[in-house]
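> Now for the letters of each chain:
2 protein chains.
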Amino acid sequence: MRSEFQFINDIKKRFLLDRVGDDCAVVPKNRASDLLITADLLIENVDFRLEWATPEQIGHKALAVSLSDIAAMGGTPTFGLVSIGVPQELWDSGFPDGFYQGWHELAARFDVEMIGGDTSKSPDRVVIDSIVLGDVPVGRAILRSGARPGDAIFVSGSLGGAAGGLTLLENGKSLSDSTGSESYLIERQLRPFPQVELGKRLMKLAIATSMIDLSDGLSSDLAHICEASGVGAAVIEEVLPIDQNLSEHFGGDESFEFALHGGEDFELLFTVPEDRSSELKELPVTRVGTITTYAGKVDLIRGDAKTELEPKGYRHF
Amino acid sequence: MRSEFQFINDIKKRFLLDRVGDDCAVVPKNRASDLLITADLLIENVDFRLEWATPEQIGHKALAVSLSDIAAMGGTPTFGLVSIGVPQELWDSGFPDGFYQGWHELAARFDVEMIGGDTSKSPDRVVIDSIVLGDVPVGRAILRSGARPGDAIFVSGSLGGAAGGLTLLENGKSLSDSTGSESYLIERQLRPFPQVELGKRLMKLAIATSMIDLSDGLSSDLAHICEASGVGAAVIEEVLPIDQNLSEHFGGDESFEFALHGGEDFELLFTVPEDRSSELKELPVTRVGTITTYAGKVDLIRGDAKTELEPKGYRHF
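Top to bottom, those sequences are chains A and B.
In terms of the numbering used here, the first sequence opens at residue 1 and continues consecutively.
In terms of the numbering used here, the second sequence opens at residue 1 and continues consecutively.
Take these hints with a grain of salt, some might be off.
The list treats identical chains as one, so a pair stands whether inside a single copy or across any two.
[Stated by the list, open to error] Using 27 Å as the maximum straight-line C-alpha spacing, the simulated DSS-like pairs for lysine-lysine come out as follows:
# : residue 1 : residue 2
1 : K200      : K312
2 : K204      : K29
3 : K12       : K121
4 : K121      : K306
5 : K121      : K200
6 : K204      : K312
7 : K200      : K29
8 : K306      : K29
It is worth saying that the hints were derived from the structure and are not from the lab.
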């Protein structure tokens, strides 16, 4: 059966959709800026659970995932819309009020204004479509397709924390009853923080040849860059910035799997020319590998051994 | 309990959202144009039924309702995005292929390009968020708020057909087994045609003081114009362009109710200065009344009698 990525490739070909397939669509706006736009659909019990998250946290996350897409193009977010379908009992109990509160608290940090959306009744599940617009200097949106052999591969922050938090929630932990590293990991899952400032910084440096946000997981998202760029990648296992909070709750192998394949860290994964990689010294980023000529192939390097890294990140279909 | 309209007013006040509440949001684009954007959420068994409509028809309608919002601002549609959540069995049976086919067939008529969206698994129902962008000359988007006492009120086309078609479907009729007026009415419901060309014509004439599309129903949508403009309205019952196809299937009272309160005709409802109303002679529009000073009050005039027309169109909450 077709994966969602195959399906998107199919309709791109069938309807000649040149602009589909990156973190955001890019369309002309004015002499200074192109317009970015992204939409993210979140469905109850697929993308979030009401037992795990408050309405405010769900509002925060709905906006955060879209802001992360703007960040992944090096853009500046400007406006947002939310379409929301809500069952009657949640409408009556004030779910939308908390949701919009959480959305706006995050929006205020990035000066994003809500300009529209839609409200609908849903028979039995909350559904949310989060839409965010942004600006990027004309012709300079950082696409997935610009990675070149020899480029250095970087990730921001740490990896696997959100997947660890999800596992803790699945094991019955909750944010309100947690402290320390447990609370931190669950927050990574429920209240992701989009790397908008880092994306803008990279844009200012004009240094990234390709970029994507880590929503599906490192193995899948790096495969997306490789496919779009027609290149391969070699990732050095021992330098992966595995989230240190995982070690208190999970074994080394499990933490490593979270870092490789766990989704929703919403960090940035990007490539820069080798000879400019030293310019990133002051930034909270880690070099994890190098782009290769082996199109579509991602190698994981452990000492002298090399294994192929299959994309095992999250996918709906 | 709060209606959805009250809720939207509440969050507009609470978060100071000036741009929320018209058919589209309007934001600055460049020296020539403002950017329009609209989002419409459609949920299976609330907004459409798989027993009644093919995937192609659902794709057509998802785009049509958003194009209608662009038309209601006098805008020209440019780009579209679709977020779609689909249960596994419908994914496997090719629902998305038919859906995108129907979407693109309508899009081609208006030169609208798909640029993005999202694909997600939905546990048990199809959910669709349709997003369309458009252009409108700077500062000239036709809002709901510009109607002035004395303005003439017009509607395009005919009224009540889509509601009649819905009732036929609810009574077990189907498009494939229908002919003549029955087929016509069901088509009005399943394959609405957005009045984009008329909206652009009105923009060119620079004649409309306010406009909205008839999605909820005449009584509700006229109330929206009156509320936004701080005016009232008087509607002449005998001139209402009730869809003539209704008479073969419904009594006069029922047809009249469809025309007053039935939603989804996706015609345009707009106001023009009295002294310019003759300029619309060549267009497929009907004058149905006059804007009054009685803020928030819509009167229905029958001969010498006057009754208040309560908004009874569609609402989710």
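> Which of the numbered hints above does this structure break?
1, 4, 5, 6 and 8
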